[in-house]
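Listed below, chain by chain, are the residues.
Number of protein chains: 2
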Amino acid sequence: MTESCDVAIIGAGPIGLFSAFTCGMMGAKSIYIIDALPHIGGQCQALYPEKPIYDIPAYPFIEAKDLVQNLYQQAQVFKPIYALNQPITCLKPANSEWIIETTAAHYQAKAIILATGSGQICPNPLPLPEAKAYEGQGLLYSVSEKNALLNQNIIIVGGGDSALDWALLLCKQSKVALVHRRNQFRAHPNTLDKIYAAIALGDITLLEPYQLHRLIGPAPHLKMVELQSLKDGGLIQISADRVLAFFGLSSQSTHFSDFGIDQDKQGQIIVNPATCSTNLNGIFAIGDCATYSGKLKLIVSGFSEAASASHAIYPLLYPGKPRKIGYSTTQGIPNPSL
Amino acid sequence: MTESCDVAIIGAGPIGLFSAFTCGMMGAKSIYIIDALPHIGGQCQALYPEKPIYDIPAYPFIEAKDLVQNLYQQAQVFKPIYALNQPITCLKPANSEWIIETTAAHYQAKAIILATGSGQICPNPLPLPEAKAYEGQGLLYSVSEKNALLNQNIIIVGGGDSALDWALLLCKQSKVALVHRRNQFRAHPNTLDKIYAAIALGDITLLEPYQLHRLIGPAPHLKMVELQSLKDGGLIQISADRVLAFFGLSSQSTHFSDFGIDQDKQGQIIVNPATCSTNLNGIFAIGDCATYSGKLKLIVSGFSEAASASHAIYPLLYPGKPRKIGYSTTQGIPNPSL
Chain R
1 MTESCDVAII
11 GAGPIGLFSA
21 FTCGMMGAKS
31 IYIIDALPHI
41 GGQCQALYPE
51 KPIYDIPAYP
61 FIEAKDLVQN
71 LYQQAQVFKP
81 IYALNQPITC
91 LKPANSEWII
101 ETTAAHYQAK
111 AIILATGSGQ
121 ICPNPLPLPE
131 AKAYEGQGLL
141 YSVSEKNALL
151 NQNIIIVGGG
161 DSALDWALLL
171 CKQSKVALVH
181 RRNQFRAHPN
191 TLDKIYAAIA
201 LGDITLLEPY
211 QLHRLIGPAP
221 HLKMVELQSL
231 KDGGLIQISA
241 DRVLAFFGLS
251 SQSTHFSDFG
261 IDQDKQGQII
271 VNPATCSTNL
281 NGIFAIGDCA
291 TYSGKLKLIV
301 SGFSEAASAS
311 HAIYPLLYPG
321 KPRKIGYSTT
331 QGIPNPSL
Chain G
1001 MTESCDVAII
1011 GAGPIGLFSA
1021 FTCGMMGAKS
1031 IYIIDALPHI
1041 GGQCQALYPE
1051 KPIYDIPAYP
1061 FIEAKDLVQN
1071 LYQQAQVFKP
1081 IYALNQPITC
1091 LKPANSEWII
1101 ETTAAHYQAK
1111 AIILATGSGQ
1121 ICPNPLPLPE
1131 AKAYEGQGLL
1141 YSVSEKNALL
1151 NQNIIIVGGG
1161 DSALDWALLL
1171 CKQSKVALVH
1181 RRNQFRAHPN
1191 TLDKIYAAIA
1201 LGDITLLEPY
1211 QLHRLIGPAP
1221 HLKMVELQSL
1231 KDGGLIQISA
1241 DRVLAFFGLS
1251 SQSTHFSDFG
1261 IDQDKQGQII
1271 VNPATCSTNL
1281 NGIFAIGDCA
1291 TYSGKLKLIV
1301 SGFSEAASAS
1311 HAIYPLLYPG
1321 KPRKIGYSTT
1331 QGIPNPSL
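Same order as they appear, the protein sequences are chains R and G. This note's numbering numbers the first residue of the first sequence as 1 and each following residue consecutively. This note's numbering numbers the first residue of the second sequence as 1001 and each following residue consecutively.
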């Protein structure tokens, strides 16, 4: 089944969220916000939810997660529909509209706004040649269902919050070894207290300074892992059903050129700065995924681009109807139910 | 004496205030903000301080005065110097810098940002041919010193908050007549209660429905005013030392073309959208006073233009020094004392 809408926004980061609001201000009645991640907020939420941002206008500072929450609230008046956890697989024309295919559904929209930031955020992979063969079974980069990891030998690799949080959670139901290159962790003090307590109690086995050297077993199933000491280079082997590797996240730019959209060599989408339109009629790009002469990769620039794209989308929603621009102070916000 | 600075911002409205912040972020050490009005906030503060604005990113709504206050706070980290109550009289080059002359002082700056919005905000004049001759003495559009109006016959014309607030204040020290075309006022309910009470007590004489018809006396000194009834057209004359006329405010665009800056027929300053630079090297224009292809007169667009102008100003402040762009989340804000 294909869901129809006025505007489909791809990317639920700050710029995508604000563009839902600006499209609503321009009279869009049905707005989908599609994201590959299972949550809104994009990079802000995934990478630095509690870091303060200082350059949002009229906020001397604001934590990234609060920025996301406020933008979500602001957009809510227009009731956008969130389609999360859905990486895009295809964009293609349909009459004068566009079809967006994701891993879960199809959408048809009069206009598309690409607000994919620096790209799809993915876990950094384990740097071993055999890693790929174990992915999804013996080797995991995230845990979607805790119960699939019951009563197993679990090797957790990493020294950040994700590694430690999962070690604490899983040690209650499985045998957990924590492998880290150093004896220092980068995590909340509160988490550190709990980790040291769990190690002292023998609930978690700490192996440091070690790094993962080899995965052993009939791929994708794991039997053992080989670890290398960073002190003397010595190798040890231990039983393992699963490796959970937490080496941080990084972003991969999407190949929109596969769908006929002009990108530069860095993978940035080339737009007309006056409208944020791409080379394809009805497809717009804003925020860090877009580029033009003078482009600054600042959130404030992306907000402005959201307004520009929304104004340019208006004639696609209301062909031939003159656009009245007014100030929100005198007009208020449009009633989305009209 | 001439004050020297890195950047002079002309206009203390929201966009001017935010540009002080963005210039600070780009390393400007000394920033002047010059405005013709006696207060910051420009039109937001002068015309609708308590109206909600709905289209500021991450604010589902915010009153104009709070927006101004938050932008002021955000800029404060870079300690801009405010030069208020100073209409600009001249802009002229000086070596590779600029001199700004105001009614009160001279400033020399490496770069100028014009953020004058829809122009200088002025009181609407009394629509009588002889009005000009009485201005500043018999006819006032604002009160700068209350004591100059002690024990006089004062005619206040208008039905809004300014008229009523001054009537209430001055009736304690002078004989006040309030002249209005209708028997309805547009003012805060709280003010209305006080006005009706003062009229009932005889502290204020209400003359309605009347309009001012003629100023009488050896200009600029006033002796009498002639009022015309809007009911029957009849004329009355009453003694008057001063007329205070409150007919609202409107904005006048500045003739920057007098200083060699390219403006379009509507008086908007033509800028390069990538940098917000005008035709004159070192002079930039942002916000509602600026225009380019695709320009939207939205606050959010002005915020983004502030960032663009500040980035373009960097090489004027630090010639030959490469610019490192970073995110405020990772770099924090520059220490202005360094």
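Since the hints were derived computationally from the structure, they do not count as laboratory data. We treat Cβ as the ideally placed atom computed from N, Cα and C, and that holds for glycine. Certain hints may be false.
[As the list claims (entries may be wrong)] Straight-line alpha carbon distances no greater than 27 Å define the calculated DSS-like cross-link-like pairs of lysine-lysine that follow:
#: 1; chain 1: R; residue 1: K295; chain 2: G; residue 2: K1065
#: 2; chain 1: R; residue 1: K297; chain 2: G; residue 2: K1146
#: 3; chain 1: G; residue 1: K1297; chain 2: R; residue 2: K110
#: 4; chain 1: G; residue 1: K1029; chain 2: R; residue 2: K295
#: 5; chain 1: G; residue 1: K1265; chain 2: R; residue 2: K29
#: 6; chain 1: G; residue 1: K1065; chain 2: R; residue 2: K65
#: 7; chain 1: R; residue 1: K295; chain 2: G; residue 2: K1321
#: 8; chain 1: G; residue 1: K1079; chain 2: R; residue 2: K51
#: 9; chain 1: G; residue 1: K1146; chain 2: G; residue 2: K1223
#: 10; chain 1: G; residue 1: K1110; chain 2: R; residue 2: K295
#: 11; chain 1: R; residue 1: K79; chain 2: R; residue 2: K92
#: 12; chain 1: R; residue 1: K297; chain 2: G; residue 2: K1223
#: 13; chain 1: R; residue 1: K297; chain 2: G; residue 2: K1051
#: 14; chain 1: R; residue 1: K51; chain 2: R; residue 2: K194
#: 15; chain 1: R; residue 1: K79; chain 2: G; residue 2: K1051
#: 16; chain 1: R; residue 1: K29; chain 2: G; residue 2: K1146
#: 17; chain 1: R; residue 1: K231; chain 2: R; residue 2: K265
#: 18; chain 1: G; residue 1: K1065; chain 2: G; residue 2: K1295
[What the hints assert, rightly or not] Each pair of labels, with its calculated beta carbon distance range:
#: 19; chain 1: R; residue 1: P123; chain 2: G; residue 2: H1106; range: 57 to 67 Å
#: 20; chain 1: G; residue 1: N1190; chain 2: R; residue 2: S96; range: 52 to 62 Å
#: 21; chain 1: G; residue 1: G1260; chain 2: R; residue 2: S257; range: 53 to 63 Å
#: 22; chain 1: R; residue 1: I270; chain 2: G; residue 2: T1002; range: 38 to 48 Å
#: 23; chain 1: R; residue 1: T275; chain 2: G; residue 2: G1260; range: 47 to 57 Å
#: 24; chain 1: R; residue 1: P315; chain 2: G; residue 2: G1136; range: 30 to 40 Å
#: 25; chain 1: R; residue 1: E101; chain 2: G; residue 2: G1248; range: 31 to 41 Å
Structure-based check of all given hints:
no. : hint                         : in the structure
1   : R:K295 - G:K1065             : violated, 31 Å
2   : R:K297 - G:K1146             : violated, 51 Å
3   : G:K1297 - R:K110             : holds, 25 Å
4   : G:K1029 - R:K295             : holds, 25 Å
5   : G:K1265 - R:K29              : violated, 37 Å
6   : G:K1065 - R:K65              : holds, 26 Å
7   : R:K295 - G:K1321             : holds, 20 Å
8   : G:K1079 - R:K51              : holds, 24 Å
9   : G:K1146 - G:K1223            : holds, 20 Å
10  : G:K1110 - R:K295             : holds, 24 Å
11  : R:K79 - R:K92                : holds, 26 Å
12  : R:K297 - G:K1223             : violated, 64 Å
13  : R:K297 - G:K1051             : violated, 32 Å
14  : R:K51 - R:K194               : holds, 23 Å
15  : R:K79 - G:K1051              : holds, 24 Å
16  : R:K29 - G:K1146              : violated, 54 Å
17  : R:K231 - R:K265              : violated, 42 Å
18  : G:K1065 - G:K1295            : holds, 25 Å
19  : R:P123 - G:H1106: 57 to 67 Å : holds, 59 Å
20  : G:N1190 - R:S96: 52 to 62 Å  : holds, 56 Å
21  : G:G1260 - R:S257: 53 to 63 Å : violated, 45 Å
22  : R:I270 - G:T1002: 38 to 48 Å : holds, 46 Å
23  : R:T275 - G:G1260: 47 to 57 Å : violated, 31 Å
24  : R:P315 - G:G1136: 30 to 40 Å : violated, 51 Å
25  : R:E101 - G:G1248: 31 to 41 Å : violated, 56 Å
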